[in-house]
Every structure is written in structure tokens, then in C-alpha cells.
Amino acid sequence: MNKAINFLEKNTDAWEIFNAKEHLKILKIENNKIKSVNEGLEEGYAVRVVVNGKLGFASGNDLIEACKNAMKIARISEEKIDEFAFSRHKKAEGIYDRKFEESDNWMLESADIVLNTISEFGCVANSTIEAGKSEVRIVNSSGLDCYEISTSFGGLVEVVKDDSSSYEIQESRKMDVDFEWMTRKAAKLTLDGLKAVKLNKGIYDVVLSPMAVHQLLFFALYPAFSAENFLKGRSALKIGDEVGEITIIDDGKLKSGLFTSSFDDEGIDTKKTVVVEKGEFKSFLTDFKYSLELGVDATGNCYREELSSYPTIAPTNVVLDFKDKFELDELNGDKILEVHAFIGSHTSNPVSGDFSLECMNAVLTKDRIPIKTAMIYGNVYEFLRKIEGFGKDVRQFENTVTPSILFKDVVVSG
Amino acid sequence: MVQFYDIREVSSESLSINLENGVVEKPKYDFSKSKGFRVLKNGFWGLFFGNVDDKTGLKLAEKNVVSEGDADVADVKSKGKFVFKAKINPKDVDIEEKIKLLKDVENVLKDSKIVSTRIAYLENVRKFSYKDSNGSEVYYEVPRIGIIIHAFAKDKTLQFYSKRLLKVAGFEVFDDTPFKLAEEVKDVLNKLVNAKTPPSGEMNVIMDSSLAGVFIHEAFGHAVEADHVLQNSSIVADKLNKKVADESVNVYDDPNIQEFGFYPFDDEGVKAEKKAIIENGILKSFLHSRETAAKLNGKAGNARAQGVDEPLVRMSNTYIDEGEYNFDELLEDAEIYLVGSRGGETNPATGYFHFNAQYGYIVENGEITDMVRDVSLSGNTLSILYSIKVGKGLRFDPGFCGKAGQLVPVADGSPPSLVKAFVGGA
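Chains as they are written, first to last, in our numbering: chain A, 10 to 423; chain B, 205 to 630.
No lab work stands behind these hints: they were computed from the structure. Careful, some of the hints might be misleading.
Reference listing, derived: stretches of chain B covered by chain A, where coverage requires no fewer than 3 residues with Cβ under 8 Å from a Cβ of chain A [said to hold, decoys possible]:
hint	segment
1	237 to 248
2	355 to 361
3	544 to 551
Virtual Cβ for every residue (Gly too), placed ideally from N, Cα, C.
The task is simple: from the sequences and hints, build the whole structure.
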């Protein structure tokens, strides 16, 4: 790396090297049998440079080649920046599990759990069990040199019988994923689905599971939090807007969070940002460049989806809260519909917040009647005003940390 | 005993440039190379990917054979080389000319209601080398190029609309098409910002070529991927050689067509071939990898991977072939006409699908009337295929298809078609 740094020091106004090493293992179960184990070891570089005040980006396996390509492309860039960020970091907690080195056994044991559990139900399970270790180092011309190692473990269990199916997903920073719970839950929903009946169109109170809440908000709401989207006229939100009574906090330092890190993907300290407080929109999420444009402190939300992705603004762990809580077991009304997951959530409109989503594995709370098909549609900003209460079953599903949420008076089509 | 092994080396060279609100932003180069190794031993697959020599890679893959299984592979051996020769190699075109194209297209979008624009230019060359224990040796180079036009407009509501031109081709693809697409984006957005929300309920729907293409890809194509069949998660698992659609319906997957899903060999080195999926309403075949072909007595050639990831059964250019109805005949029975697609999702195990159109029109007495926004379509695949009326005028739309975390370029095609399905909206 020193050779590259010397080269960049000589030839650029400012520079940044992002180096990622990934070690990934995936075990696959297909049709109730362990089928394959896949392992990958990859390392690469992404380089950003400023030449004559203009920003260029290149990535690849060869660092010197990436440096030269970044300089070449900076020539035609009109994206302006003077320097890269320097930041001190508070260390993130609970994101590395040394047991990764024993993950071969863990994957086989987890597979046995899935297979033993599914044998009780007479269904077919397809599953992936994953363990990953990631090392990131970021060095830049502002004096930043930071390194972090983290792990992730997780799995997906899909259970099928006849024309019914369901899935459950769990991820963790530690080797504590509960494959028995996932398999049981997916199997139960699948068996319920065999008895599913048609739903009459009408107005229902709807309880979305943490998975369904994430699927809805990630595509219809979170893009509006980006300072870049706001500054480019692509966000429906502005500071002070009212979105019901929910509180939404982006917490990049959440202990053991799936998106927790000491620093973001350009080396800025991650932190807790109150995005919405009791319904009032308080803050956009920013990276270094857009924090300067907006004249606010950077929130540490720079994210690279993969090594070759251009760094962009994205949420970390999004923690939801609400004043009123309820017990799921105590809900008892004729017209309460519980939704496990949505199909097609990525089709939501990220600009207007409009969505129309097909429910998967929905059940009427009273008498636990499973439903064949149901569609929920609306606008996410109006939908947030329909929140009646939060459950107590808090879990993290991808970015979102939430319990089940009860929405009042929702139009549902059968 | 090792039954089979293969070694893939994939290198990719990409350039992308964004023009955001008229400013050249996020220009990037990516040059990456990696190798993928698979070993099939005792019916179990061990895989490894990374930049190591062949001997090490195969050893590391074999180390991952940790159990026994019942997998086997179809006995296919292929040799060949294919280098796609573009009329104008994008590398011979100055980057300034590429930026000029973006700026010229952006000029077309200027309009009082348009508040934001993003135009993306993409070019990529995939170089693929393959060898296996059967003695196969394959090499190809295929370029992909295109432009994606995105605009945001505001009046009564804030809306976005996009069109894209993505092809297996060289720079010659940029004739006047990008400008026509930009005009269309502007015109549609002008109406979309004041469009109404759609009605909901089961109705007669005309899907335009683009939406009908997404329908056949999402709702039916995934269900005929033979890995889904073997996982028991396909609604057509037991329907081979049986009627699954109206007898006027013909559906094919053809990687040889020079659309965005083109490939000369699949990622298991098998020569690309057109597959009849449905002919005269009868399910003729599933799509196969070497492994599923061995299990179900099918034909390999549809295994694809993102980079050097594990090859999975995938589609290429999938389409409903020409039907017999004129557009006016379809309109006569229609209640709503849906245009374009913002993506979709299906559950191949249950046959339920859901996708969003980019916009639509209410149809009254055979006439197209008011525009509607944020309209979605859902239903059950098989019941729709039994009553579909396929129109004339097959057109393809490019896209990227996701499966098990891997994206591959595909194209979906269809003539406009009339179906009875569930329409919903905001």
C-alpha cells in the first residue's frame, strides 16, 4: 500500500484508499439434504482521488491500477470536493466473534438442527447458512488510517408444502442464530397456509411483523432520509415535517447491530442520529460531502454496497419507537390482520412513498384464520399516522430494529 | 471419488458515469478479476472462489466437500471461442463524447415541472474462460452498453419515471433512441404528477409489452427454473407435457437473441440454445443447469452466475411469442391499460405474483382515458395464463434479474396482452 500512497501523494490533491477483505462461507440445504459448501476469499481496493478539485473513483483487485484509473476519470468529473474526512472513532461493540474460525462445525451443526426440526413437520426445507468475516481499512490524505474486523452469521429457511410456502431469516454478529426457531416458524406458517381462505375486502387493523415493517419502510421511507436525495429534489421530506407520532433513530453504534461499525465507509465516526422525534422530522442522514453542502455535522452514513459501488448515503441500524405498547397475545378483535412478510416491497415508490404490496402468510388474529391473498396499499407518510401501538417482540431485521406494529383502519383487498 | 470439476475465470471492465442535475458525478472505473472452482465428489458440491492458482483452488474447493449427496451432472463437453465484435468499440470513443451524449439527452428533459434528473451511462466487457474435467474449454468476450434516463417532477405529487436502453452492443447503439426515450420521460412525467390513483379490484387489464414481459419472466419463468422444481417450490413441478396455458400461448427462452440477456455459452461452458418453455399451451421443458439436467433428464445451458459466484439456473431473453389480437381488439375488452414496470416479485412455490406498473390509463368503451399512477398488478400465474389474449408486436425490455443475491442481465419480451388480474393502487 505504501507504494500506492507515495504515488497518490505525488500526483493528486487528496486521496482515499478503501481496502476490503472478505471471507465468506455458505452451506446450502436443498430439499431436506445438505447440498453444497461454498467458500470465498476476496480482497480488493476502491480509490477516490481529487485532482484539480475534482473527484474520481476506481476499484479493482490491483491497487496501483485503481489509483491510475481514478486519476484518469477525475479529469472529466464535475463533482467537487477539497479533501477527505478526518475523524476520531469511538469503538463499536459486539460486532466481532472470534468463533468465526470454528464456523465449519457451526454450519454443519446448524444444518442438522434445520433437518431434525423439519422432519417433525413433513415439509420440505430449503436453507442457506452463512458465516462471514470482513476486514476494512481506510487510509486517506487527511491523516485517517482506520481498521476494523467484524463477523456476521445468519440463515434463511424456506419451508414448502404443496402450494404453500413461508420463509424466515435471522442474522447476528455472533454465532447465536436460532435455526430451530426459524424452521419451526416457517413450517408452522406453511402448514397454516394449506388451510388459507379468501379475505373479504374491507377495513382492518393490521399488525406488521418486524420483517414486514422493514420491507415497507426500507423502500418507501428510508430513501427520503438521504441528504443527497433532499438536496437533489428527490425527497418528500423537509426538516419540521410531521409524520405521525413515531420516533426513528439511526444508530450506527448500536451494540451488536447488524449495521454497526466504529466508522462508516469513508472513515467518519458513526453515531446516534434522531431522524424523527415523536413524529417531527429532525435530521437527514449524511456523508462527508453532503454534510458540508447542508452545513451540518456528518452523521456517519456513508455506505458501499460492494467494493465497486460508489459510496452513497444509507441508513445503518434504524431503531423505531412509539409511546403506546401492546401485547400481541392480548389483541382480540374481529378485524385484525397479522402480516408476516410482503411480496414486491422493492416496487414501492421511493420518491412519493406510495406502495401497494401483496401480503405473504397473513392471518386473522381472531381464531387464527390463515388468509390466501391480501393486498395493502397506501402512502407511507399517511400510513405512519395510522400507528396505534408497538408490540414488545423487538428484533432487528436487516436495518430495522422494531417490534410488530399495529396500524389502525387500513384498507385491505382480498 | 471426484465426479466432476470446473474452473471459471471471469474478468470485468466497467465504466459508469452519472449526470446528476446536469453535473457529471460519480464517474467510476472497475477492473476486477476472479476465479471460481467447483468440485463434485460423492454427490456433494465443494466450491471456492478467489484469486488463486488452479491447483490450489481445486484443493480448497475439494476441502469443502464435507458430506455425501446425490448430485450428478449431465455429461456435456464443449469447446469454443466467441468474441463479440461491436461496430464501434466504446473504448475507441472519447469519454468527452460519452459525456456530451448525456448532456444532450438531459437537454431534452428541460421542463418546468421536472425538478431533478439523473442520467447514467454504463459500459462493460465480460471476459469468461471455462474448463472442466470433461475436457471442455470455452472463452468469450461480450460487451454491454446503455443509458438509463431518470427524471423527477413535481406538481400535485412528486413522481419519478425512467426509461432505459441497455444492449449487448457497441457505441453504435446510441442513434436517436436515447433522445426519443428522454422525450417520452418528459411527456409521461408531465401527466404523471397530476395523475389519479387507480381503482382497485379484479379487472380486465392490458399489460403493455414491457409489463407482460416482466409477467412472463417473474410469474412463469422462475417457476420453470429446474432448481425450484427440485426444491419442490414450483407450481409447475408436476406439469411437464401438460396444459398450463391457453393454446395460443408460446413462451421461449433464447440466449442467442442479441438482447440484454445474450450469452454464447452459459457459466457451465454449455453452448447457448433456444428453449421452448410453452408451445401451444403445453409445458415443453424446464430450464436447466448441468445438475438439474442430469436429475430431470433435461438439457443444460441455463446456468449463470454473477462474477464467479455459484452458477444457478437462470433465464436469458425470455418472451411470449406473437399472438393474433390487434391492440384495438384488446382495448375493446379492457378496463385498464398498464404501462412499464417498476419491478416485481413472485413466489414460484405458490404462483402468486406482484408487480408495479410505471403508470396506467383507465379504458372506457374501448377508449384510453385518464392516466393513473402507482398501480400494481397481482394474481395467480396459472389462472392468468389460461385466459390470456396475446396481441401482436413482440418487444424486449432489458433488466437485471436477482436470485439468491446474484444479479444477471436479462431481457423480457412480449406483445401487449390482455389478462384478468387484481389491480391495486395507492
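Evaluation of the provided hints:
no., hint, result
1, 237 to 248, "holds (count 3)"
2, 355 to 361, "holds (count 3)"
3, 544 to 551, "holds (count 6)"
Violation of the numbered hints given earlier is absent; every hint is satisfied by the structure.
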